[in-house]
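Participant: Given these sequences and hints, build the entire structure.
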Amino acid sequence: MPTFVDMTKCDGCGECVDICPSDIMHIDPVHRRSYNIEPNFCWECYSCVKACPQHAIDVRGYADFAPMGHKVRVLREKEKGSVSWKIKYRDGRVKEFTFPIRTTPWGSIKAPGDYEAPDANALRSPLLAHEPTALKVAALPTLSSAKK
Amino acid sequence: MGFFSSRKTIFVDSDILVVGGGFGGCGAAYESRYWGRDLKIVVVEKANIERSGAVAHGLSAINCYMGMQWGENQPEDHVRYARGDLMGLVREDLVYDIARHVDATVHKFEEWGLPIMRNPETGRYLREGKWQIMIHGESYKPIVAEAAAKAATQVYNRIMVTHLLMDRTRPNRVAGAVGFSVRTGHFYVFRAKAVIVAAGGASHIYRPRAVGEGMGRTWYAPWSSASAYGLLIEAGAKMIQMENKIVLCRFKDGYGPVGAWFLLLKSHATNAYGENYEITRFNEIKALVGNYADIKPMPTCLRNHAMLEEMKAGRGPIYMHTQQVLDTAEKEEIGWEDFLDMTIGQAVVWASQNIDPKERASELTTSEPYVMGSHATCSGAWASGPDDCAPDDYQWGYNRMTTLEGLFGAGDTIGGSAHKFSSGSFTEGRIAGKSAVKYIMDLKGATPEVDEQRVAELARIIFKPLENYKIGRNEIVAGTVSPNYLLPLHGLQRLEKLMDEYVGGYTTYYITNEHLLNRGMELLTMLKEDLEHLGAENLHQLQRAWELHHRVLTSESVARHTLFRQETRWPGYYYRADHPKLDDAEWHVFTGSEYDAKTGEWRMSKLPVHHILQWAV
Ligand SMILES: Cc1cc2nc3c(=O)[nH]c(=O)nc-3n(C[C@H](O)[C@H](O)[C@H](O)COP(=O)(O)OP(=O)(O)OC[C@H]3O[C@@H](n4cnc5c(N)ncnc54)[C@H](O)[C@@H]3O)c2cc1C
Ligand code: SF4
Ligand code: SF4
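Taken in order, these protein sequences are the chains called A and B.
Mapped onto this note's numbering, the consecutive letters of the first sequence carry residue numbers 1 to 148.
Mapped onto this note's numbering, the consecutive letters of the second sequence carry residue numbers 1001 to 1617.
Worth double-checking, as some hints may not be accurate.
BS3-like mimics (lysine-lysine), calculated; alpha carbons at most 30 Å apart, straight line [what the hints assert, rightly or not]:
#1 Lys-1331(B) <-> Lys-71(A)
#2 Lys-95(A) <-> Lys-110(A)
#3 Lys-1266(B) <-> Lys-95(A)
#4 Lys-1497(B) <-> Lys-1464(B)
#5 Lys-110(A) <-> Lys-1150(B)
#6 Lys-88(A) <-> Lys-1331(B)
#7 Lys-1528(B) <-> Lys-1238(B)
#8 Lys-1312(B) <-> Lys-1331(B)
#9 Lys-86(A) <-> Lys-1528(B)
#10 Lys-1040(B) <-> Lys-110(A)
#11 Lys-1130(B) <-> Lys-1286(B)
#12 Lys-136(A) <-> Lys-1296(B)
#13 Lys-78(A) <-> Lys-1150(B)
#14 Lys-1286(B) <-> Lys-1266(B)
#15 Lys-1358(B) <-> Lys-71(A)
#16 Lys-1040(B) <-> Lys-80(A)
#17 Lys-1470(B) <-> Lys-1008(B)
#18 Lys-1331(B) <-> Lys-95(A)
#19 Lys-1464(B) <-> Lys-1238(B)
#20 Lys-1150(B) <-> Lys-1008(B)
#21 Lys-95(A) <-> Lys-1358(B)
#22 Lys-86(A) <-> Lys-1358(B)
#23 Lys-1150(B) <-> Lys-136(A)
#24 Lys-78(A) <-> Lys-1331(B)
#25 Lys-1438(B) <-> Lys-110(A)
#26 Lys-1331(B) <-> Lys-80(A)
#27 Lys-71(A) <-> Lys-1266(B)
Hints listed in this document are in silico derivations from the structure and should not be mistaken for laboratory results.
Facilitator: Encoded structure:
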């Protein structure tokens, strides 16, 4: 379902332009609002829909196989850590779902450079960062320990 | 460059350059920072790493997790699985290496904030299947990107990398990469001591089933532009198994994945008459591939094969009986979340076609083929293995280094290591990252030098489509038809049509032969020549032009490899009608190729498959 933008809601902020993995949300030079320049390269990933502060972007199922009259709306609440969906069928039925998206605060990941620097000799070992602790087993498996 | 005189050339120097900020690239950035505290680590990405790559939507499962902490699986079990699923041919050293590290990666993801579902009875991660665990993965990519952004010295978003740069005096050694900003149009020259390519797999080299506006609804992302292969092939790296493209059994049109339905919800598929065709066709499959048919679970390609035979026999549609398994509200939520997390288009198909999965079955189909290295397939670069488990002829230096010095890879880029998926691709990025740090430390200041002349030549080549358009556009009134230039979409559609018709796409039921392949390659050569005349109206179209270059070179490699392997190893992925049987005596080997960009010649080879773990398939 390629995206389209509601002329009355979009304020031309460019968030969708910034996030679209396909580089197909562009600002129209005349109207100063965004639109999908290449619907046939849209993956319906909803990245732009979720990112739009004005909720101005919606989608309409691909013309070649999706009959009209449906809606799949999303609200991603980053700080609440959830994403909510409202699905409206062509025949009017509605389904709603909410799912968690993250269990920790945004920005809270500890950078790899903030861990204690590894011993220089460890560079020669097959162990990766945080191993073996992060494996939650006593040691990194090796071929000689494998059951052949 | 008269037309675009405001264009600047920007030089960026780094120790490690990561090309592509998807799962492999984020892992590479993270791990190289951990080991290389003072190094300059640069990530260059054509989109925005927060939502780039195959995981832009999110995912609903992590498909590669051993569960060693609970004794669920050991790395050697995963090798056995990958070997069986790929009909005997995987780099067992690479698969083993990923499997033994992958649990630590997943534990880190959970610590970072990825919600992983738990089984309320056991307290362990909720298993979808033997290797898969269920997640609430809408934000999987933003979480992983946060870790990578904190690791990298700098992330350059919206730069399309077009070529790798080689050392001025040693053509077998990488020295960086070039590309352009899709926003400013500036020319970027990245000079680096080591380069890790993690630019993902390839969609849109075969004609997709969807047409017109729906063309973007491919299973793998439309932005999976084959750059990993295009960059490496052009630079002369040895590639393997490029014929091993993957065809996926998916929900029809929306391409919703089937894993959670088959494995967790225990749904099953039948033909239109309610018959389980995998059972009824078993003897026939056994006659085709012998003992490989007995592998449990049945290899992915053979399951496709059974479905295809059923469709050819006119017993479609094939149905997934979702209505028989969604008997609780909880299961209904799992079913919907599966798609809302990773293939929203499938939810749209249900809503638009009035299909409530609780009430009626959904159609399945087989997709157009894709080229990948991280799924139930293993196309990609020939890479050096881990020194503690790779046989001697799989080792020539640093772990995950390609045949070009200083050039590493991860995820879809690396061949032979199937079934790594998101977690394994990130893990492979970590392996490559650590290895690249080691390489740089050993290098001790012997910095590679880029060739100024080559850089100047590339600046001319890269921006030429803008000039082609500007000149050609003046010759016509309006519209898209010009005698002097080809738009990227025109070229792409010519490529997809010929790959489909000659190199085993869906319209031929994935069948080809020597004559079709040779004719296809003749047409492909002309398309390659026509790429000189690509016309790009703007920077966005210039990105499309270079994506097409990468796709075309990758396609040529696919065709060459398909011609070289004279057997049908993976029925259900593709068929050589002139060599319809699996032939272990001659072809229990990897196919290899090296391309010479100067002469246009390909050198094909057979490479040995070593079974480092000695049990029968
Ligand atoms: C629909 C779908 C469902 C899936 N389901 C699952 C699942 O349930 N579980 C699971 O574990 N895995 C799943 N996968 C597989 C997983 O997504 C891949 O295995 C993994 O993303 C591969 O990692 P990668 O780094 O090789 O590629 P990607 O993650 O695709 O990253 C490649 C990156 O390179 C960038 N890039 C490409 N070309 C260039 C260029 N020329 N210049 C600069 N940057 C470039 C891209 O923008 C992208 O960011 C699924 C994939 C899809 C599409
Ligand atoms: S993000 Fe929303 S408001 Fe901003 S430009 Fe895009 S559509 Fe308009
Ligand atoms: S849905 Fe995805 S591909 Fe389509 S315009 Fe939005 S961000 Fe781009």
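Participant: Would you list, in rising numerical order, the hints stated earlier that this structure does not obey?
Facilitator: 2, 8, 9, 16
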